[in-house]
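K.L.:
Okay, here's what each chain looks like letter by letter:
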Amino acid sequence: MVSEDSRGRPGLALVDRGDVENRAVEAGLDALDAGPDLPAGPGPGRRFVRSVLPPLVFLALLVGVWELAYLAELKPSYVLPGPADVARKFWETVQDGKAAEAIWTSLSRGAVGFGMSLVIGSLLGLAMWWSRWLRAAIGPIVSGLQSLPSVAWVPAAIIWFQLSNAAIYTVVLLGAVPSIANGLLGGLKQVPPLFDRVGRVLGLSALGRVRFVLLPAALPGYLGGLRQGWAFAWRSLMAAELITYSPTLGQGLGQLLNIGRELSQMSLVITSITLILAVGVAIELLVFAPLERRVLNRRGLTMR
Amino acid sequence: MSTRSATVEAPAQPRELVQVPAAVRVEGVSQVFERGRPPVLEGLDLTVAAGEFVCLVGASGCGKSTLLNLIAGLAEPTSGRISVSAERPALMFQEPALLPWLTASGNVELALRARGVGRAERRAEAERLLRVVNLEGHGAKRVHELSGGMRQRVALARALAQDSSVLLMDEPFAALDAITRDVLHQELTRVWTEQGLSVVFVTHNVREAARLGQRVVLLGSRPGRVVREWQVDIPHPRTIESLGVGALATEITRELHREISRHGQ
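For the protein sequence lines, the chains are Z and C, in the order given. Residues 1 to 304 (the numbering used here) are what the first sequence spells out, left to right. Residues 1 to 265 (the numbering used here) are what the second sequence spells out, left to right.
Derived by calculation from the structure, the hints in this document are not laboratory data. Treat the hints with care, as some may be off.
Covered stretches of chain C, going by a simulated chain Z footprint (3 or more residues, C-beta under 8 Å) [said to hold, decoys possible]: (1) 28-40; (2) 249-263.
Selected chain Z positions facing chain C (in silico; Cβ < 10 Å) [said to hold, decoys possible]: (3) Val86; (4) Lys89; (5) Glu92; (6) Val94; (7) Ile103; (8) Ser205; (9) Pro216; (10) Ala217; (11) Asn297; (12) Gly300.
As a list, the in silico SDA-like pairs of lysine to any residue whose alpha-carbon atoms are at most 20 Å apart [as the list claims (entries may be wrong)]: (13) Z:Lys189 with C:Trp101; (14) Z:Lys98 with Z:Gln265; (15) C:Lys141 with C:Arg123; (16) C:Lys141 with Z:Gln265; (17) C:Lys141 with Z:Ala27; (18) C:Lys141 with Z:Thr248; (19) C:Lys141 with Z:Ala152; (20) Z:Lys189 with C:Pro100.
Glycine included, every Cβ here is placed at the ideal spot set by N, Cα and C.
Start from the sequences, fold in the hints, and give me the full structure.
P.N.:
In structure tokens, the structure reads:
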């Protein structure tokens, strides 16, 4: 006979045996569901062949075509220098320290500008999320600013701040802040309402819910915004440096590019462009891609 | 495997219904979402005794989830009174609703943190709770590395971490496959017994209600109110196939169908 108390609660001793069996089934299900370990990713050799080799091959082809065009003398050499000329100029710029100086100047400007944009953009994004009125009022403007090429601000910035770092930062900020604010706002809007209910059920305070639930949940969208914000900051910075040229200002990559134009030195122009591109790609590959991969991996959102 | 401590810890107080204080008391509760629309709940009375396992069944739209939200304190009723013995009832949803950036253990720890448990204790307590739901050694896993059944057990551990005597469950097993659901029924029965919880379990699976509950309450739709209730005297251990469970489920289903067809006339 089954032992039960007066209210139909299971007799503990008797449930035990069923429970032991149940736990065994449960453990088996867990093991089956977890499935065999995923095959390890491709080895370093395979990865090289798959993702590093193709762009290298393409680059080599590009240089080959360029060399052919140069040899065929399609254009005079001051318009279209050969790959060897450019390589020589590139090496020269690196050797005399001009490249390092320009990269350092631009990167530090970029970092400061991006840092300021990060703070302002995040606060703006939060404020827009908090206040429906503010969102309605400035949302369209912020979105609109995203599609306005920030080079359009350069003349205004120069009139306001003359040829100074302040003018450069103004342009960078106007370029990056809207992306960051919109990224954070978008991330916050996509947080499933269920998560907020979880926070409330658990008894988290309003501030606790923001800190432990809302902000982490919005992180992927926010990171996307930061990534785009950096790209816009870098572009805006180059536009600003290209135009605000003054001996009192440090010489950044944009200014280096401008020198090439003024001297009609195509090899220096191509060198500068290559450096600008290289810095952009390096930041993307070294900072944003790993950061994003980590966040997405943790949440099991990685696409293969 | 060591002997579970529950046998020792089981409360020894007498459990005659009359002597048990109410865990949840719902008195004349009505809920109107929009003026002019029929109320979702109307004059609903329900008492859940401390330590009782009550299942609420009803057709879609009978206000089962609304009622749970009200008991959980996530919303205020338009009229009527709700009192709950626990300061903050624990609530489980149909979705596990685990936070995907945290590990299984991290999810449980967040509930402990909300309760003000110190950092040092949180880790150990989360480990203990995961052991309660048979997930020992899975604490470091990310949510996406867990199966549906495992996720729902982490959600159960998180609910237990709230240390509430009242556990509200909103169709928590509806999205699981039948085998996993059976296993979790047994798991839940065990946890309920061991922890001495009062459980309000919402489901539209009549058989599940008969399998789990000490009492099954049928809610009518539009407006939601109690139509009928059954005391479940089927002895434990029960399974979904138990003879009594099937018979009771048939009876409840008949009543449920009668209630539903009333709306088609």
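K.L.:
May I ask you to test the interface hint for Lys89 (chain Z) with respect to chain C, counting a Cβ-Cβ separation under 10 Å as satisfied?
P.N.:
violated, 48 Å
K.L.:
Quick one, is the Ala217 (chain Z) hint okay against chain C at 10 Å, beta carbons?
P.N.:
holds, 7 Å
K.L.:
For the pair we were handed, Lys141 (chain C) and Gln265 (chain Z), check the Cα-Cα distance against 20 Å.
P.N.:
With Cα atoms ~58 Å apart, Lys141 (chain C) and Gln265 (chain Z) exceed 20 Å; violated.
K.L.:
Regarding the pair Lys189 (chain Z) and Trp101 (chain C), is the alpha-carbon distance no greater than 20 Å?
P.N.:
holds, 17 Å
K.L.:
Given a cut of 10 Å on the nearest C-beta pair, is the interface hint for Glu92 (chain Z) held or broken against chain C?
P.N.:
violated, 49 Å
K.L.:
Closer than 10 Å between Cβ atoms is the bar; does Pro216 (chain Z) clear it against chain C? Give me holds or violated.
P.N.:
holds, 5 Å
K.L.:
Tell me if the interface restraint on Gly300 (chain Z) is satisfied: Cβ within less than 10 Å of some Cβ in chain C.
P.N.:
Interface hint status for Gly300 (chain Z): holds (3 Å vs cutoff 10 Å).
K.L.:
Per the coverage rule (Cβ-Cβ under 8 Å, at least three residues), is the stretch 249-263 of chain C covered by chain Z?
P.N.:
With 0 residues close enough to chain Z, the hint is violated.
K.L.:
Holds or violated: the hint that Ser205 (chain Z) contacts chain C, with Cβ atoms closer than 10 Å.
P.N.:
holds, 8 Å
K.L.:
Compare the distance between the alpha carbons of Lys189 (chain Z) and Pro100 (chain C) with 20 Å, and conclude whether the hinted pair is satisfied.
P.N.:
holds, 17 Å
K.L.:
Could you grab the alpha-carbon distance between Lys141 (chain C) and Arg123 (chain C) and see if it respects the 20 Å cut-off?
P.N.:
holds, 14 Å
K.L.:
Does the CB of Ile103 (chain Z) sit less than 10 Å away from some CB of chain C?
P.N.:
violated, 35 Å
Hints 1, 2, 3, 4, 5, 6, 7, 16, 18, 19 from the list above are not met by this structure, while the remaining hints are.
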